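Chemist: Sequence:
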Amino acid sequence: MSDKLLKFITCGSVDDGKSTLIGHLLYDAKLLFADQKRALELDSKVGSRDGNIDYSLLLDGLEAEREQGITIDVAYRYFSTQHRSFIVADTPGHEEYTRNMAVGASFASLAVILIDAEKGVLTQTKRHVRICAMMGIRHFVFAVNKMDLIDYDQYIFDNIKHQIEMLMCEFETASVFVIPVSATEGDNIVNSSEKMEWYHGTTLLSYLEHVDVSKKSTTEEFVMPVQRVCRPNSAFRGFQGTIAAGNIHVGDEIRVMPSGEKAHVTEILCGNNQVQMAEKGYAVTICIDGEIDISRGCVLYRGESQLYVGKLFEASLLWMDENELTAGRDFWLKLGTQLVPVTITRILYKIDVDNGEEVQTDRICKNENAVCELAVGKKIVLEPFAENNMLGAFILIDRLRNTTAAGGIVCKVDENGNNVKWQQLDINRSVRENKLQQKAVTIWLTGLSGAGKSTIANEIEKRLCTLGKHTMLLDGDNVRMGLNSDLNFGEKDRMENIRRVAEVARLMNDAGLIVITSLISPYHSDRKMAKDIIGKRFVEIYVSTPLEVCEKRDIKGLYKKAKEGKISNFTGISSPYEIPCSPDIEVDTSNCELEKCVDQIMDQLSVMLEEEE
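Residue numbers for the sequence shown follow our numbering, so the first one is 154 and each next one is one higher.
It should be emphasised that the hints constitute simulated quantities derived from the structure, not laboratory data. Fair warning: this is a prediction, and the values are worked out from it, not measured in the lab. Don't take each hint at face value.
[To be verified] No farther apart than 30 Å at their CA atoms in a straight line, the calculated lysine-lysine pairs in the DSBU-like style are these: (1) Lys464 with Lys487; (2) Lys622 with Lys588; (3) Lys689 with Lys487; (4) Lys531 with Lys433; (5) Lys689 with Lys705; (6) Lys487 with Lys279; (7) Lys592 with Lys689; (8) Lys709 with Lys615; (9) Lys645 with Lys519; (10) Lys415 with Lys588; (11) Lys272 with Lys368; (12) Lys615 with Lys689; (13) Lys157 with Lys588; (14) Lys464 with Lys565; (15) Lys684 with Lys532; (16) Lys368 with Lys433; (17) Lys519 with Lys272; (18) Lys519 with Lys531; (19) Lys160 with Lys464; (20) Lys314 with Lys415; (21) Lys415 with Lys531; (22) Lys464 with Lys532; (23) Lys531 with Lys705; (24) Lys645 with Lys588; (25) Lys689 with Lys716; (26) Lys684 with Lys415; (27) Lys487 with Lys531; (28) Lys279 with Lys160; (29) Lys433 with Lys348; (30) Lys689 with Lys433; (31) Lys433 with Lys415; (32) Lys592 with Lys565; (33) Lys433 with Lys519; (34) Lys348 with Lys279; (35) Lys749 with Lys719; (36) Lys279 with Lys314; (37) Lys464 with Lys531; (38) Lys713 with Lys645; (39) Lys565 with Lys684.
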């Protein structure tokens, strides 16, 4: 037999008997405790038909589920037999709760899809099959339920089996098993049915106990997305995460993606225990030699081929939001431990749920499956889902409501974008820092227009130059007169303005320079993007001068024009400013003289510039 633990999902259309099937399986297999059995029998007396046991009550725990007789949320059950351990996700069949079904499918290796023998294969059945296939499930069991209602008719079962075979022709599957059952009567679930002598196959439980769902690994590549940097003291720096593929040994050479820099593993910790080797599924802390910029979202990798590092890719999406999806919308992309801004650049087509045909469209509605082209705000590590499910599956998060808008998988990474590889140079940031005798950082000043950012930035640079430091000041207005002269002040262009400045600052940091930026940068998401680009050398200074003080100053007359409607999207008037949650330094020029503000900043900066990494 294959893997000892089987994770599977039950799905299908509304009222096909999913919860009843699993409940009856647990009951007949004697996998319930005595008190659970008594509680089930007592609960079944309330509202039960003919006083029979309602096996669905074992899984439908919400009050609304019991009142309506349907599944709404995903119910997880853990059970074991002599042959195998199981985790089952019982998912809702109603179209309204398709997102809940998709959540259950994302964890499973096998799907048990129920079909009502009186109705046959329905649209919702096809939708669930497509979602399961999209989520990487390659093993399918079709339980044709309610055979008791059609007098266990073999002819009807054979017709439905033919419908299933026609449906599954378009999918890549490892196994497809079709079985006639009655969830209420228990036929062919744990024990073979005497009422279907024409069926000579195994029971459902027996099949689940022995089906081989193990994946034949064709690669020994090691992949671990970094979830957290562990730095309890200055003497220890480890990178924590769960190994997604392959194994790792002390002494192995690894690459840090997306930078491509190389290092050797010096130590592996499982909990507090040192080990020489760890493999897929282990949660570990890995220590390396050398000083490499590694943060959450990076990927530790060992293999002959390169992982994809890119910004453009095609993906298959399951749209879950009430609002329609159109090209041009912006989201957060969460892929592995990476969280980056992303834009839907094109909707290529949606997939007809009934026949799988590609349908041209410019908008996607809730519960529809579509293939789209996406562009991320910075280069990330990703792989086609078929090659690596950890680096190929993602969710899209609405940037305003912070809700999950879609789930998706990477289908194809843009080859042209990935022909450009980061070149490792002998003269790197570390060499330049040693030559200049300074630590390269980016000092990012943020605040309202008129808060005093540019004045403070100018004074900081003068102080640093007096100390013999090599600096570069990137002022927001100056940058917009040249590099970013093609951008306006809409949300998308503001984000691009921040991205370009952050990329320039990163390059200047690589040159060993201390960079000072002075930009309003009003949104949390944009400042986080800048921090992700620049890395751990990012120092955020919030100039927290109140709006009313900035309005009184109004040196450029911009607030007056904004209130008169002559300037749109002006921060503080017609566009919001999102206050930083935890800036490294905060100063307020309304109650502190300029010199004192700069003194406060320099005192804290001097400590940061002297700290060892």
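Chemist: For the pair supplied as a hint, Lys348 and Lys279, confirm whether the alpha-carbon distance does not exceed 30 Å.
Modeler: Answer holds: Lys348 to Lys279 is near 29 Å, not above 30 Å.
Chemist: Would the hint linking Lys519 and Lys272 be met if the CA-CA limit is 30 Å?
Modeler: Holds - the C-alpha atoms of Lys272 and Lys519 are around 25 Å apart, at most 30 Å.
Chemist: Sort out whether Lys368 lies within 30 Å of Lys272, counting only the CA atoms.
Modeler: violated, 34 Å
Chemist: Taken at face value, is the distance from the CA of Lys719 to the CA of Lys749 at most 30 Å?
Modeler: Violated, at roughly 36 Å.
Chemist: Would the hint linking Lys709 and Lys615 be met if the CA-CA limit is 30 Å?
Modeler: holds, 24 Å
Chemist: Assess, step by step, whether the Cα of Lys689 is no farther than 30 Å from the Cα of Lys487, and give holds or violated.
Modeler: Roughly 20 Å between the alpha carbons, so the hint for Lys689 and Lys487 holds.
Chemist: Taken at face value, is the distance from the CA of Lys433 to the CA of Lys689 at most 30 Å?
Modeler: Roughly 28 Å separates the two Cα atoms, so the pair holds.
Chemist: Between Lys464 and Lys487, is the straight-line Cα distance small enough, at 30 Å or below?
Modeler: holds, 14 Å
Chemist: Taking 30 Å as the top limit, are the C-alpha atoms of Lys279 and Lys314 close enough?
Modeler: holds, 14 Å
Chemist: For the pair supplied as a hint, Lys592 and Lys689, is the alpha-carbon distance within the 30 Å limit?
Modeler: holds, 12 Å
Chemist: Quickly compare the C-alpha distance for Lys487 and Lys279 to 30 Å and report which way the hint goes.
Modeler: Holds - the C-alpha atoms of Lys279 and Lys487 are around 27 Å apart, at most 30 Å.
Chemist: Between the alpha carbons of Lys684 and Lys415, is the straight-line distance 30 Å or under?
Modeler: holds, 23 Å
Violated hints for the displayed structure, listed by number in ascending order: 5, 11, 13, 19, 20, 23, 24, 25, 29, 32, 33 and 35.
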